[in-house]
Amino acid sequence: MPAPPLVVVDRLTKRFGDTTAVDGISFAVAPGEIFGFLGPNGAGKTTTIKILTGLLRPTSGRAAVGGYDITSHAVEAKRLFGYVPDEPALYPKLTANEFLNFVGDIYEMDKDRKQARIRELLALFELSADAGALLESYSHGMRQKVALCAALLHEPKIYFLDEPTVGLDPKSARLLKDIVRAVTRAGGAVMMSTHIMEIAESLCDRVAIIDHGQIAAIGSVPELRELRGRDTLEEVFLHLTGGFEDRQIAEIFREPARA
Amino acid sequence: MRRGALAQTLALTADLIRFRILASRRDWTSHTLYVVAGIASAILVIGIFGGTYLGVRALQLANATGLLGSIAEWAFLVYLFTDLFIAFGQALNDMYLSSDMPILLAMPIRAGGLVVAKFILGVVQNQVYVAVFLLPFVLGYLLALGAPWWAYLVSIAGLACFPAILYAVLATITILTLRVIPPRVAKEVLWVIGAAVPTAFWLFNFAAFAHINGDINSLHLPTAPAWLPSTWMGHLLTAAGAGDSSTAFDWLGFIALITLVACPIGLAIVSSGFVEGWSRSTTGRRGATMASGAPAKLSPVAAIVWKDVSSVLRSPQLWFNHIASLGFIGYLLVGHQVQSPILPLTIQLAMVQIGFVAVLDSLNPGMTALSLEHRSIWLLRNAPLTARQIFTAKIVGAYVQTALITTVAAILLGEGYRFSIYGTIVLVAFALLMSAAAICFGVAFDARFPSFDWENPNAINRGVRMIMPFLNGLFILTLCGMFLALTRVVFRGAWEGWLAVLVGLLWSALVVAWLFIRTSQEAVRNVEALEVG
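Chains as they are written, first to last, in the numbering used here: chain V, 114 to 372; chain A, 99 to 631.
Since the hints were derived computationally from the structure, they do not count as laboratory data.
It cannot be assumed that every hint is accurate.
[Stated by the list, open to error] Some but not every residue of chain A turned toward chain V, in silico, with C-beta under 8 Å:
id, residue
1, Arg208
2, Ala394
3, Leu396
4, Ala401
5, Lys405
6, Ser409
7, Ser413
8, Arg473
9, Trp476
10, Thr484
11, Arg486
12, Glu629
13, Val630
[To be verified] Chain V residues, not near chain A, derived (Cβ > 10 Å throughout):
id, residue
14, Ser139
15, Phe140
16, Glu146
17, Glu221
18, Glu233
19, Gly254
20, Leu281
21, Arg319
22, Pro335
23, Gly342
Every residue gets a Cβ at the ideal spot worked out from N, C-alpha and C, and that includes glycine.
The task is simple: from the sequences and hints, build the whole structure.
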């Protein structure tokens, strides 16, 4: 019998006033799976992830993480996942070391385990030398690395990563990919949103393409390519979400008329 | 067609003012809050106007010419130093910490035009405070003295110039400071200077009040420093009120001249180094490595408290109202020597005074407790924490600060008033109670109307946010103060007056407990319902 999914989204809807950001979507992420969430800006990716992480409340439908409903059993569900937001806003007046200690305490980690894990992660992301500097002095990429360390710190089984590679240097991006693969090999699940098709194509077991709050397509990358008769995921994406034709682009960026 | 420098500056100024008005309106979607704040502001304006009118009339009837001739300059001085708190931060906010600066600087706008537009924006915002605090004073003063019509025009024209001078000087000081002190330090230090300088000035100058005596006809306030614009405005208003058109117009001419000289000079200095100064203020350089202050292991609530207290200790701009609160003790001690002959000092009066200090001190820590999370709020909301844990941590984190400051303040006041140890303990207890009430309501207010999108922490409490918790704190203090007075009358002389004090203290504790129970439940629900978009 297959293991129950770690993330379940069932007819999930989120409205902000008259705007429907997420419109009755359903999907599940199984243990050992890397699930890519693709879509144009404003399609509903971040809203969905924010509902799953308890930052937003659904208007209707259900979202469960590790078997716990994120609305009715929020604390139990939140113990099970790590989250990296699209904008890694951290506490500017704490050092990286202090920040990670704070996160470890919030997750009630054992003292020795916490310290060992912080040392390990800081070294892994090459932040050890700057661990004592205030986070306000960090670059965007460094803050992104600290946010990743915070998500990995308590060794959760489930990860929600919202544009996790933005701001990372190639070496760190590669490291992240390796970590994601290692997590899923160990039976965890990763749901990540990305705009980079190459990452989705090379890393994700399945992807969902969301547009205007609805899922336009879902499946493995080869399945989607085959189903839509396209050569690349990028072409599938543009076909489903509506890309500009070459003619239109040429029209917009035509050579300015000479005076 | 390209616009000229002046047209471009005027268009940019109009746009910035329009955007600021739009931002203020969009910040507050609750109409009820606007209505309440509007009524509160109207009461304030009417109170200042009515109080000034009645006070000046009374002085006029008592033939207190000395006081009538000197109160205007002191009223403007009070405003000037109150405004210094606001305007210093505003100059820093609008010029350096404003989030629109990167976009504006990347646009084809002349740096000079940008500085002028930002300067006018700052002055216009400052005019709002002038309209609320000074205009009713000026109108009440002139009306009570039966001043001629031109006196109103002259005084209002002077009022229009007054904040421009102040703002020009402060903007210049800001940029010069950024040239000397590293920008990251300067951002923090300027706030402390804004609080410490007026406090020190007040303490030195207020001491002069301690020596005034004599009958009301011959009484006059000490001469205010002649070099301050507030003194010039005082001279203008006094002359206008007395119908001395020649002197009034002379002072208006002088103020207008200084405005026309100070503003361009200040703007020229600011413009000349603005782009470089701004660039330096935003260039990140890795800070020095700090010894880790993180304790080995804490409970989630303690971890949040530790994080909040550490952030406050490392952000001097958040010490602002603590410094001001401690400075207020100085005013009370000096003021006591003047006030005692009129209103005898009792332990109950001292309790109300320290209660007021506690309310003042608790305003910012309470009502920014949650909002200080800023955009990092996602972390607390997706962490396995209950709303009650977050609320508790925020209450404790804010209370730790104010409890410390108000305890010190109460001890200083008790010592200054030469109270016995028991009297000082009562002051400390009452200060802690009032502080708890203000913190509790402040955190509850912040949970109901959080503001996570700010450019610097001292900008969180602008506008409507400043009024509501302050009024609530005053309401609780008044409620307790009235009962203190009542028990003083009812239990007169029992246990040498200590019974009245203890019953009053007990009543205050009950009021605070009731407030805590009532507000905490709703606050927890609001934290629970908090969405991070």
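Quiz item: When the hints from earlier in the document are held up against this structure, which numbers fail?
Solution: 1, 11 and 17
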